[in-house]
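Chemist: One letter stands for each residue in the lines below.
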Amino acid sequence: MATTTPVLPATTAAPRPKNVAGRVRQRLNTRAATVVSILIAVLWTVPTFGLFISSLRPEDAIKTTGWWTFFSEPKLTLDNYNEVLFGQSASSGQLANYFVNSLVITIPSVLFPVAFAAMAAYALSWIKFRGREWIYVGIFALQIVPLQMALVPLLSFFSRGVSLGGITLMPAWQLDDEQKFIQVWFAHTCFALPFAVFLLHNFVSQLPSELMEAARVDGASHAKIFRTIVLPLITPALASLTIFQFLWVWNDLLVALIFAGGGDETAPLTVRLAELAGTRGNEWQRLTSGAFVSIVIPLIVFLSLQRYFVRGLLTGSVKG
Amino acid sequence: MDFADISPKLTVLVYGLVAFAVVVGGLLLLLDVVPTYFARRRERQLIAVAAGDAPAPPSGRPRKPREFGYAIFFLLPVVVLLLIGLVVPVIRTLLLSLRNGDNSAWVGLDNYGWMFSNDDILNVLWNSLLWVVLVPLVATSVGLLYAVMVDRARFEAVAKSLIFLPMAISFVGASIIWRFVYAYRGEDLDQIGLLNQIVVWLGGTPQQWLLESPLNTLLLIVVMVWIQAGFAMVILSAAIKAIPGDIIEAARLDGVTAWQMFWRITLPSIRPALIVVIVAITVATMKIFDIVRTMTNGNYDTNVIALEMYNQAFRYQETGQGSALAVFLFLLVIPIVVFQIRNLRRQREG
Chain A
1 MATTTPVLPA TTAAPRPKNV AGRVRQRLNT RAATVVSILI AVLWTVPTFG
51 LFISSLRPED AIKTTGWWTF FSEPKLTLDN YNEVLFGQSA SSGQLANYFV
101 NSLVITIPSV LFPVAFAAMA AYALSWIKFR GREWIYVGIF ALQIVPLQMA
151 LVPLLSFFSR GVSLGGITLM PAWQLDDEQK FIQVWFAHTC FALPFAVFLL
201 HNFVSQLPSE LMEAARVDGA SHAKIFRTIV LPLITPALAS LTIFQFLWVW
251 NDLLVALIFA GGGDETAPLT VRLAELAGTR GNEWQRLTSG AFVSIVIPLI
301 VFLSLQRYFV RGLLTGSVKG
Chain B
1 MDFADISPKL TVLVYGLVAF AVVVGGLLLL LDVVPTYFAR RRERQLIAVA
51 AGDAPAPPSG RPRKPREFGY AIFFLLPVVV LLLIGLVVPV IRTLLLSLRN
101 GDNSAWVGLD NYGWMFSNDD ILNVLWNSLL WVVLVPLVAT SVGLLYAVMV
151 DRARFEAVAK SLIFLPMAIS FVGASIIWRF VYAYRGEDLD QIGLLNQIVV
201 WLGGTPQQWL LESPLNTLLL IVVMVWIQAG FAMVILSAAI KAIPGDIIEA
251 ARLDGVTAWQ MFWRITLPSI RPALIVVIVA ITVATMKIFD IVRTMTNGNY
301 DTNVIALEMY NQAFRYQETG QGSALAVFLF LLVIPIVVFQ IRNLRRQREG
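The listed protein sequences correspond, in order, to chains A and B.
Take the first sequence: its letters are residues 1 to 320, numbered as in UniProt numbering.
Take the second sequence: its letters are residues 1 to 350, numbered as in UniProt numbering.
Excised from the complex, chain B in its bound form (with noise of 0.2 Å):
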């Protein structure tokens, strides 16, 4: 690397920076400016009138179409942002999943068709709904136990922040970091990999951990559950921590048993968090593509829906058929969030 390399992408880092000093500074200077400016006049106006030399100016102007002015200009990044960014181009992909690979005719419903009848993708489909199954279960089980265990531990922070930390390495970091776990090296060799090493030393014999169907889906599995039950435990553990001490007070008085206290105290107590949890890993599930991608490409008959909708569109320049799979993401989405936002409603009137 030398710095004619960098040069040019510094430039354009640059550039990208005077356009945001540009836009916002702009923006904010201009909703400083002119409002400041109109007060002074006014200001004057007033003065003038106080001296007895200029009629009156019309007062009582109307307030509200001078706020929604402001208000424009407060909003206009993020809605023409969004309106091209998202909008729009959520409406093309509904129409898209409608019309051929190349965008060049109406083909009515055939791409969902084609996605039902194919036996890859219905194959793709399964897998997707075992990855939905289980991640959210497991991850959040795990989180759970693990928070209800913290709880009453010592070094709970630093034992905390050590599940947590997967949070923070991509995907395609904790790809490799898995792969490494899974790696293979013949039976008369050294094993490299962690999983096939702890086989032989429990007198197993060393197997190619990602090629075997349907255990390599679950073997990807566990590298999202490693991911997501950090978040699971952070979430369930301040809300384990805000149930009220006089209610456990209580239940201790009563000679509840640490299994009971779980069952009827702490989980009831949870709910709302619990449910937040789960439709957070589960909306995260289903649009998982990057563990796929690194660590098998969907072969071996791993494939899941996201992976496919990119093969699709941006691979084989299916437009019609990535689309169709997009929505079909889409509609698995809506009535999770639609059962989220009725919880929380529920939760905030009761």
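Bound-form chain A, shown alone (with noise of 0.2 Å):
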């Protein structure tokens, strides 16, 4: 290692030292850098490990010893993992359930609001029209909404219907069971717009103004500009946002609490562990491997797709 040159960003752009000296302070400093910076991510990712071997760890090994404990004595078991995600007791996670009910909520709500958002992003970017600075402001400015706002009143307006002076004007929508699904894709596409608009809009209008201009001259309509053009031009920045929509959704607590109830038909996993820790909260075999199986999902998604990610968070600011 000592022999190899400092591998340096290019773009730092640091210049050669001329002598000896300078040479091997600026290595030394590298390999400071080097090891700290290695101890501070370790460190930082001591808390994650230590509930990852946990949850491989037979019950009373969890409850009587530490994790550490684990390298003098290991034993690897895949219980928790059976019983917290397909145990029948009702005392056992039932996980494999509340999983499939994230898996129904996060898909549609963050195919709803990608696709409304690009459509929205391209009409405020490329067709003109008297109050499109208007309504761009007007949606940039929701991004400060924080969500209790509106939850109270969007929760009345499913379950109650909107009547004016005793008029009404909509029944309630009287979601049961499964049905209630319905509400947290609406709720999280509603709340998830102004951010996605914005998103998008940053990068759709960089779009060459030449493109459109070209393919208006060919007769090409809006839906096919937008289609053929745009879509696949603004993929990156899909992506961006379906990864920050999709995160968003699958970590969320706080809407589902509302709007998906904590009953087995429709809370996700995030309600489920809530109440497992609340109620069980020293049942640590099942919140070790429960608590796994709800990061796994978003871990492989964040890690294989990380440039996305990175890209959009420079680009985006405020999540309202």
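In short, the hints are calculated from the structure, not lab data.
Heads up, a few of these hints could be off.
[What the hints assert, rightly or not] Calculated Cβ distances over 12 Å to all of chain A for the following chain B residues:
hint	residue
1	S7
2	Q45
3	I47
4	F74
5	V107
6	F116
7	N118
8	D119
9	L129
10	V133
11	A147
12	L189
13	G204
14	W263
15	L267
16	A273
[To be verified] Selected chain A positions facing chain B (Cβ under 7 Å, derived; list incomplete):
hint	residue
17	T30
18	A61
19	G66
20	V104
21	L111
22	Q148
23	L273
24	L287
25	F302
Only a predicted model underlies this, so the values are computations on that prediction, with no experimental measurement involved.
Cβ coordinates follow ideal geometry from the N, Cα and C atoms, glycine included.
Using the hints, build the complex out of the two chains.
Modeler: Here it is, written out as structure tokens:
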């Protein structure tokens, strides 16, 4: 290691020190920085790692000894996962059910806002009409509204409908059991739109105008330009937004608590885990494996698509 | 789990996907077919005119209204959903905050008076203040230091990924991870929580960390810092890499120390990114809910605004008081965001 030249990122363009002392100092510098940053990175990962190791240990081992003793007396089992996912008793997690709920909630809650926001971003960037700026500013401003401002009225919109001065404008939706998924999708879609439109507008409005004009001259309709020119060009932006929205919905607790309820028909993993943590806070064999079940999918998505996620972060700003 | 349990769910999912295909596909098809039809008709008329057996179609038809028509359809879903899901609810929440618990009478500003006179709620506001001061400060500092350090390190990508990883974990998952770190067992037993074990190794006695106020709030703040530091690090690291190389080179030639380099070159250059990070973390921290709910459920003096809002509105059915808390949260966010927008604008002009 000591004989190789330090690898510096090309962009920092550090000048190679002329004398030997300078070069040695720089190398030491690099090495110290490397050691400290790896130490901190490991420290940052220890809590998650401890959880993962524990989830694979037998119940009595988790409850009586620390996970670090695993290295002196390793004992591995998948029983916790089997129990927490498929166990029949009410006290086990039955997480497989909730896992399906999380999936059913997440897929439409990602598709709808991404598609709607892409269409809106196109209209706000490339269709000329009066009031365009105002609509964009309005949508942009909605980003700052905290979810809490919308929860009570939106829930009553679903459960009681809309009436004005005694006249019913819209009856209650009366959704029960599995149908409650619909109101969760609806809520997630609404709450995601301001940020989604903002993020995609940043990309769509940057597309070269010659491209659009050429297509218009060729007689392409807006729908055709949108489908065949805009969508393929903004795929990276769509990918970032999809990852954002996926992580947001999959990891959400508040919206799910209010709109999905706590029943096993609709509640997602986060709601179930929070419930287990509240009522069975010392059943670590279930909590550790359960927590890992809930984080494994986002971790895979995140690690494999990190590039898009970071790019999205750098262009987006505040999420409402 | 058997198939009988999940089949109704999958049915609803299929309905959802069909609805998606119909709505999005339908809109695009409509927007595609209708203009094409008109274009064809116009073309046919033009050909007919050219052949000389039909009157000329009215030329120079105004284009603007048609463009507006397209825009309406492209914007329709977003505008309708935002009106139903955000705009109208915000107005209704503002009104609800002026009404009593079961929404039957106007009470003026009583709900706001209650907020600032009730000791429990004042305690909640203090806790929230502690969160909002500490989390952005600590998370941004840690992220910044790490970004500076890792810039010169090897294995940069791997180290950054590890710090960034908690961003992918839900607040609920993170809370369970950290509850396990803070877990407590009696003094004469083996500890299973890492923090207590470290205390024991150092010769101390294990503590019930989450029961002692105000230490417990600080320990919950650690969880949020653990999550947000990675976010700060990624944005700031990108900003540091974007500092022009010749500035750094010029400073090096002038013989500045690493300390001077950081305060005089790095920090001023990344100021805009720093503001974005601090604002984003502040806003996220104000709305913190999941961590407190999962770790202590707001007990032992750890409650915060967003959790109290949830409790008032959805557990105690006090929609007036819950709405007042939500409005207060909103009012807190506004100045921060205005500050950020002004900053961005100045930056764009300058």
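Chemist: Report holds if the minimum CB distance from S7/B to chain A is greater than 12 Å, and violated otherwise.
Modeler: violated, 10 Å
Chemist: Under 7 Å, Cβ to Cβ, is where G66/A needs to be relative to chain B, so tell me if that hint holds or is violated.
Modeler: holds, 5 Å
Chemist: Can we trust that W263/B is non-interface, i.e. its beta-carbon lies farther than 12 Å from all of chain A?
Modeler: With a cut-off of 12 Å, W263/B remains clear of chain A, as the shortest Cβ separation is near 18 Å.
Chemist: Using Cβ atoms and 12 Å as the threshold, tell me whether G204/B really stays out of contact range of chain A.
Modeler: holds, 16 Å
Chemist: Taking the shortest Cβ-to-Cβ distance between V133/B and chain A, state whether it exceeds 12 Å.
Modeler: About 19 Å separates V133/B from the closest Cβ of chain A, which puts it past 12 Å; holds.
Chemist: Would you say Q45/B is clear of chain A, with no C-beta pair closer than or equal to 12 Å?
Modeler: holds, 15 Å
Chemist: Taking the shortest Cβ-to-Cβ distance between F116/B and chain A, state whether it exceeds 12 Å.
Modeler: holds, 18 Å
Chemist: The output says L189/B does not contact chain A. Does that hold with a beta carbon cutoff of 12 Å?
Modeler: Per Cβ check, L189/B is inside 12 Å of chain A; nearest 8 Å; violated.
Chemist: Would the non-interface assignment of V107/B survive a Cβ cutoff of 12 Å against chain A?
Modeler: Nearest chain A Cβ is 16 Å from V107/B, so the label holds.
Chemist: For the hint on Q148/A, does the least C-beta distance to chain B fall short of 7 Å?
Modeler: Constraint on Q148/A satisfied, holds at 4 Å.
Chemist: Is the claim that D119/B lies outside the interface with chain A correct, judged by CB distances over 12 Å?
Modeler: Fine: 22 Å to the nearest Cβ keeps D119/B off the interface.
Chemist: Just want to verify: N118/B was marked as not at the interface with chain A; is every Cβ pair farther apart than 12 Å?
Modeler: holds, 18 Å
When held up to the earlier numbered hints, the structure conflicts with 1, 4, 11, 12, 16 and 18 and fits the remainder.
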